[in-house]
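So the chains spell out like this:
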Amino acid sequence: MELRHLVDLGDIETGKIMDILTTAGAIMKNPGYYSDSCHAKVMATLFYEPSTRTRMSFEAAMLRLGGSVIGFNDPQNSSVSKGESLKDTITMVGNYADIIAMRHYSEGAAKAASIFSRVPVINAGDGGHLHPTQTLTDIFTLTQTKGRLDDLTIGLCGDLKYGRTVHSLIKTMSRFKNNSFVLISTPELSVPDYIKTFMDEHGCEYRQADSLEAEIGGLDVLYMTRIQRERFKSEEEYERQKGVFILDGEKMKKAKKDMAVLHPLPRVDEITYDVDDDPRALYFRQSEYGLYARMSLILHILENGEKRLDARPQQNTEKCCGNLKCITHSEAYLPHLEEDGNCAYCESRLL
Amino acid sequence: MELRHLVDLGDIETGKIMDILTTAGAIMKNPGYYSDSCHAKVMATLFYEPSTRTRMSFEAAMLRLGGSVIGFNDPQNSSVSKGESLKDTITMVGNYADIIAMRHYSEGAAKAASIFSRVPVINAGDGGHLHPTQTLTDIFTLTQTKGRLDDLTIGLCGDLKYGRTVHSLIKTMSRFKNNSFVLISTPELSVPDYIKTFMDEHGCEYRQADSLEAEIGGLDVLYMTRIQRERFKSEEEYERQKGVFILDGEKMKKAKKDMAVLHPLPRVDEITYDVDDDPRALYFRQSEYGLYARMSLILHILENGEKRLDARPQQNTEKCCGNLKCITHSEAYLPHLEEDGNCAYCESRLL
Amino acid sequence: MELRHLVDLGDIETGKIMDILTTAGAIMKNPGYYSDSCHAKVMATLFYEPSTRTRMSFEAAMLRLGGSVIGFNDPQNSSVSKGESLKDTITMVGNYADIIAMRHYSEGAAKAASIFSRVPVINAGDGGHLHPTQTLTDIFTLTQTKGRLDDLTIGLCGDLKYGRTVHSLIKTMSRFKNNSFVLISTPELSVPDYIKTFMDEHGCEYRQADSLEAEIGGLDVLYMTRIQRERFKSEEEYERQKGVFILDGEKMKKAKKDMAVLHPLPRVDEITYDVDDDPRALYFRQSEYGLYARMSLILHILENGEKRLDARPQQNTEKCCGNLKCITHSEAYLPHLEEDGNCAYCESRLL
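Protein chains in written order, with this note's numbering: chain A, 1 to 351; chain B, 1 to 351; chain C, 1 to 351.
Just chain A, with the same shape it has in the complex:
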């Protein structure tokens, strides 16, 4: 199967994902061998919403492959400030670059871009929807540190409601045998129903819990998440929740000797600093694994390098997307696309 774009990890066969992880491991072992693999290739990093960490990770990945980078990371300074459509910006950038990594504040933006792009598009985050290269980073970290992607008891702690990386990790790990999930959060921040349905449909064991201390002893992996201030309706709401479920040195004493602590970063105060020096704390090395995962992804995508415009899907529904954060609401020319009753861009219900 040709890997053309990466919008949603759910679109990629497991075999291809394993290939990407294998190549990532090879790059990590011998980076010098790959230091000119993308000579004369240009990546565009289009960040409609600033994200220093993700942008630097993509840029370092491309530069370490011998390629170069153009782009913007600031909506005010981007063409959009002159009212240009996403289609036009993507088409123009496709003339300058060989591959695009984009972050956008609207859900489904990467999918929309992929429809009109002559060059491959990598989704570097579309609103609260998807962030597939973070999940690629997470599972590459697990292969390198746990040595396997199956038979794992995975605890997920913190913001399980809005945390897109949590949802994506659950969906991806459900592809592998005998993984079970312990969902540790307050009721207000528990996983959405569609994720529970997903786990049921894929025969995944999971349990909801409300105490990190009580559960930590049974975990092979603990995936901590930040409670993002901006996800809350009010400052009070934020203050009330943020302190909940903090990982500290005391709780680590109850954990297995080989438990892996992961975190998508940035960390605020959900992990105390004394944990950083614990060998089981992998969240910083995780960001290094992310570099190699992205290098591998870029290599696999650029294998099929030539620019081309694929056949555009035709409008197949009159229904509108119910999600006001969906890209279809700001880009009127987009064909309405349906996938089993959901919007093909943001996956929300159609009206």
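Note that these hints are calculated values from the structure, not bench results.
Careful: at least some of the hints might be erroneous.
As a list, the in silico DSSO-like pairs of lysine-lysine whose alpha-carbon atoms are at most 27 Å apart [to be verified]:
hint	chain 1	residue 1	chain 2	residue 2
1	C	K325	C	K307
2	C	K16	C	K196
3	A	K87	B	K253
4	A	K16	A	K29
5	B	K325	B	K87
6	C	K307	A	K29
7	B	K87	C	K253
8	B	K146	B	K325
9	B	K41	C	K253
10	C	K41	A	K29
11	A	K87	B	K257
12	C	K29	B	K307
13	C	K251	B	K87
14	C	K146	B	K307
15	C	K41	C	K307
16	A	K253	C	K87
17	B	K196	B	K16
18	C	K87	A	K251
Dock chains B and C against the given chain A, drawing on the hints supplied.
Frame of chain A, contents of chains B and C only:
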């Protein structure tokens, strides 16, 4: 003739312009051959006024020649925020870079920079005054798609008063035989008198018209322009004008089978999206031609690579420029230069 | 001695500094020889406080060594806007880059970063505290133009109180034989007592003076400084001081034929433009010397390339730093470090 700076396309001999277009065509055919031509060379992109599109085009051009890029694209983050003069910034940057591409909000800024720069300066837009690489892009697009730069009936539609690319295209196409212009706009947005005088002096046929629909059938080239919100005194004025002269699929039916539709971009709503899929719609490919035109320009300029400070023109007039947007009003140390009664920086009348 | 980080030039042996200047001279003579020395290496420029000039100088230096650059130059767009600690940002960036050049608004920030960084950290300015590569630039300029670093009578003029480059230059030149200083300023802007103490302890002759005109005739070097608006408590205070001690063509007539005029730039109005064309005005060439000094510094630091985390100094005092601009006040996890009664980060007294 040595090509040292590109401030105004009007300064460049037609023969040299044709050389640049020829090289651009060669690069387009075989980009790999040029992918290290600027190895170890550095371009500085100094954008005192943000322009993502133009900046990315210059940066991609330099990177695809094997060079690298430094710069800024944000006045607040630039040295100028500490009250540094243009002369000092250009002199400093000339120590770091081999070539400068600059956009500035003041008219005549590129000319001023070229006086003090030890390295070549390319004008990437100086206020509402000039944008020579856009015109280079436009005529390269014509050579590649129409196969000629003469015997063309060229329609220009939209904002012909403030659209600097329109004025520059008219001036440049007047160099070639048997081109005629159809100027399609409202009276309020018609071409300035000095452009009409220019066409008369150069024996160019032109006609003013007020209906795109009525004229489209006779055109070999249709150059559409955006009506820039910022060019208007008020929001009402903008709303009243912006809808005028929209190109859509219906009007395209009346056009010649081989008419070329150009647009400097960004497009807002002056061209409807159904036109995008018409093979005569060249405005997106135009931005790719712009990449090769800029690559060629950089190569031709860097042929004479060594840094040097040319003899500085001496003050030759006590007169002041009447144009308050002229760079001479913000940079007091600049010599007052006169060219047949006009300011040598912004080309306005001297008082 | 291994050169791991450059936080404070005072930490570097004189022999190592001379090695850096020697290599800088070699690079200047034959830049092409070094144009791939940092192939496949990545520098991160982390500018928590914008500084176009310094950032471009570091980026040009790395690019001219064949390396590449990632980074940010805008606090709002940086991870810190999500409340990330300096430790976490540095640790993450150390996974992407091979060397870090950072500017921060807090005093001692570079020292703090160096404690947690797996890759070398270069201090590109930490608040009003230190800016060692500017001093490296200054002394490289002197070796190249005066041919020596000793037996010099050095006049320092302007803001001697807040000008960190002045303090650093005095400290560094005190290492060499028979240098004397003429400190030309208003009483309000004279050098701090600890600098006077330093000169006394190092047996350096110095004199305070209040007239540039009276002193200029005796100087081998004149180091002019800008009076930074932001250093003043009020606009009135600024207006009252800024005009003082301006260098102009008249005063230059009284100076030695081979006096060297230096300035860290940017210059506002403390040097009139007619001085720029005087061969003794070296402040523009100084910024070019700065490029070669930084290239040499990067080469010397990357000689010991492998990433490693050095043993972290342990908290050795309960005292707090009295300086509210010190990094220890914003980054609570930092160990309190004492050096002969002073804070090891910002060098202020401990309470």
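Output the numbers, in ascending order, of every earlier hint that fails for this structure.
1, 8, 9
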